[in-house]
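Participant: Chain by chain, the residues:
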Amino acid sequence: MSMSDILVALLHVSKRFVKGKETIDIFERLDLTIPTKDFVAVMGPSGSGKTTLLNLLGGIDRPDGGEIHIAGMRIDTLSEGNLARWRAANIGFVFQFYNLMPMLTAAQNVELPLLLTNLHSAERREHVETALKIVNLADRAKHYPREMSGGQQQRVAIARAIVSDPKLLLCDEPTGDLDRNSADEILGMLSILNRELGKTIVVVTHDPAAARYARRTLHLDKGHFVEKELAA
Amino acid sequence: MNDFVLIRKNLFRKKLRAVLMIVSILIAFAIFGVLAAFERAFNAGEAVAEDDRLVVVNKINFTQPLPIAYFNRVQGIEGVRRVTHANWFGGYYQDPKNFLIVLAVEPESYLQIVDSDYVITPEMREAFIRERTGALVGESMAKKWGWKVGDRVPIASNIFSQKNGSRSWDMHIVGIFSKRKPQADTNVMLFQYDYFDETRSFGKDTIGWLILQTTSPEVNDRVAKTIDRGFANSSYETATDTEKAFNKAFVAQLGNIALIVQLVVGAAFVTILMIVGNTMVMAVRERTREIGVLKTLGFSGSRVLRLILGETVLLAIIGGVPGIALAALAIVNMRESVGNFLPGLTLEPSILAIAFVLMIGLGLATGLAPAIHAFRLKIADAMGRG
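In order, the protein sequence lines correspond to chains S and C.
Note that our numbering has the first sequence beginning at 1, numbered continuously upward.
Note that our numbering has the second sequence beginning at 1, numbered continuously upward.
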């Protein structure tokens, strides 16, 4: 694997939290590489650092040591402003509880990340329509989140995550609040995004079924990875 | 969609709460508009006063008369350019509640001194001087009562009576004048002192006050001292002051209007500030997770700060503009009842400008604390909170 194939590289990353007088080490010199177009499921017990890992990859949190490189850019040294701009251009997020804005329609929710671009209104509308078509929700564009099922809301969240065409999709328990059918639908959609649109995806999950859609699963335990290859 | 749509949608996500806040702000600005207009109307005389004018009144107070002889004596004092005199008539039309500002004046000298305030044509001046019962009426008063040049109107006094017992004087309107200065009051009637003095039953050969025009404002102090010193220890001691100070003192008799306005408006605004500020803090706290999401999507802290400040400024404008409109409506209605006392009662452009600045200020002040909180909020903390 050449350097140009690597999208994510964590080099000796350390992260610790201070809780009162106690210091909890989450990661100690953690290394990880994720190639472009990979689909990685990260599993592990509660408190193992899955969400912290996702936060570090998305530039939401900063490491206490080591380096984080994504798409050739070292992000752990960027200022808050630059990090926000970088995040808008490179990362799509999908959360467990969808986190849609309740007062905005599906289309407006999907349009949110595009407000940070220089696209004109018509261009933004075009991008939004495309994203909603990809998640099969073109006909629900004017519906509010409260008018949609959990699965549909999560599909809107996926459309929001991909609308600005980011390199990396980070999903935090995307099926954690869904029934089995909806969960399979979401995972199938992520799988399509990976295979057909070439999106690199990292999914943090407790759901063993979710792992079956990934190309590989990383088991995180006490700040270390245990990698298992899965049949695609 | 754009940031404005996002701001508007956020503001009205809880409609009842938004409406209650808007109503609070509306009431505050309605109070401000009305009180500010009253304050301006009370102080209009101060604005119209000329720097080179002095007013001489009886030292006891300005309701007490001065002898007409003072008119000639003052003319000879060095630094005095012109002198005139006026007498409060206490007029009304048909019914005592139809109060009118009517002054008995010495025509020639009075018109010279108020030349900078009013537009009075040579024809009007000549007719006024020539005709004993002639009266000049300001256009505001003429419009209110539907009077025109040539009309003869009976004007009664609630102070004076004629020697025949009548309280009414016939006035022949010989001219209707307009204002030269925007602040000048045209809700006034002038008639001849001689006609008044010859017919009244008491107070003969006395006047209400003297108005002086000095050669320059620099000599005002010296002239005032010379006059007051000259009449010291007489039966009619005088108090001489600038026209501005006289008008101010006149208004001050009704109380410190500016202070009352400031206190009432201040109390209303502080209350609104606390209510809206507290509500916005709660509203933003409820949205902590959403702020985290926005930041996750790439919205910078400063952009989130602008969105929240935009929301509170929009709230203040949505509440403030109809509040000022309501004040304007109230003032139009009030003019019917208090217009005679306060002819300048109006929402001037400067009040509107102050109101707009206050709206922006209120918006920024109420949004500042929650906006700074959102600006500083770390995404991980925001997303970790329920």
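Think of the hints as simulated: they come from the structure by calculation, not from any bench.
There's no promise every hint is true.
Derived SDA-like pairs: lysine to any residue, alpha-carbon spacing no greater than 25 Å straight-line [stated by the list, open to error]:
1. Lys204/C to Arg167/C
2. Lys142/S to Val321/C
3. Lys9/C to Lys59/C
4. Lys14/C to Val321/C
5. Lys9/C to Thr77/S
6. Lys14/C to Met103/S
7. Lys222/S to Gly384/C
8. Lys14/C to Ala141/S
9. Lys19/S to Lys204/C
10. Lys142/S to Arg8/C
11. Lys222/S to Lys59/C
12. Lys378/C to Thr77/S
13. Lys59/C to Asn247/C
14. Lys181/C to Lys9/C
15. Lys133/S to Val5/C
If the Cβ cut is set under 10 Å, some of the chain C residues that face chain S in the computed set are [as the list claims (entries may be wrong)]:
16. Met1
17. Arg13
18. Lys59
19. Asn61
20. Pro65
21. Glu290
22. Val293
23. Thr296
24. Ser302
DEER-style ranges, computed between Cβ atoms [to be verified]:
25. Tyr144/S to Leu273/C: 29 to 39 Å
26. Phe97/S to Thr346/C: 54 to 64 Å
27. Arg216/S to Ile275/C: 51 to 61 Å
28. Glu286/C to Arg85/S: 53 to 63 Å
29. Leu16/C to Ala122/S: 51 to 61 Å
30. Ile275/C to Gly198/S: 51 to 61 Å
31. Glu22/S to Arg376/C: 47 to 57 Å
32. Arg285/C to Asn118/S: 29 to 39 Å
33. Ile260/C to Asn118/S: 51 to 61 Å
All C-beta atoms in this analysis are idealised placements derived from N, C-alpha and C, irrespective of residue type, glycine included.
Participant: Can the suggested window of 51 to 61 Å be confirmed for the beta-carbon pair Leu16/C and Ala122/S?
Facilitator: violated, 36 Å
Participant: With a cut-off of 25 Å on the C-alpha distance, tell me whether Lys378/C and Thr77/S pass.
Facilitator: OK: Lys378/C and Thr77/S at ~17 Å, within 25 Å.
Participant: Hey, Lys59/C versus Asn247/C, does the alpha-carbon distance stay inside 25 Å?
Facilitator: This hinted pair holds, its Cα atoms lying about 16 Å apart.
Participant: Hint check: is the beta carbon of Ser302/C less than 10 Å from a beta carbon of chain S?
Facilitator: holds, 8 Å
Participant: Min Cβ distance, Val293/C to chain S: is it shorter than 10 Å?
Facilitator: holds, 5 Å
Participant: Holds or violated: the 53 to 63 Å window for the beta-carbon distance between Glu286/C and Arg85/S?
Facilitator: violated, 28 Å
Participant: Please work out if Lys222/S and Gly384/C have their alpha carbons no farther apart than 25 Å.
Facilitator: Judged against 25 Å, a Cα distance of about 21 Å means the pair holds.
Participant: Taking 25 Å as the top limit, are the C-alpha atoms of Lys14/C and Met103/S close enough?
Facilitator: Measuring from Cα to Cα gives roughly 9 Å; hence the hint holds.
Participant: Given the hint that Lys133/S pairs with Val5/C, does the C-alpha gap stay at or below 25 Å?
Facilitator: holds, 24 Å
Participant: Starting from Lys204/C, check that the Cα of Arg167/C is at most 25 Å away, please.
Facilitator: Distance of about 16 Å is within 25 Å: holds.
Participant: Has the given pair, Lys14/C with Val321/C, been kept, meaning a C-alpha gap of at most 25 Å?
Facilitator: Holds. Lys14/C to Val321/C sits at ~21 Å (cutoff 25 Å).
Participant: Could one say that the CB atoms of Arg216/S and Ile275/C fall in the range 51 to 61 Å?
Facilitator: Because 56 Å falls inside the window, the suggested range holds.
Going through the hint list in order, the structure does not satisfy hints 2, 3, 5, 9, 11, 14, 18, 19, 20, 28, 29, 31.
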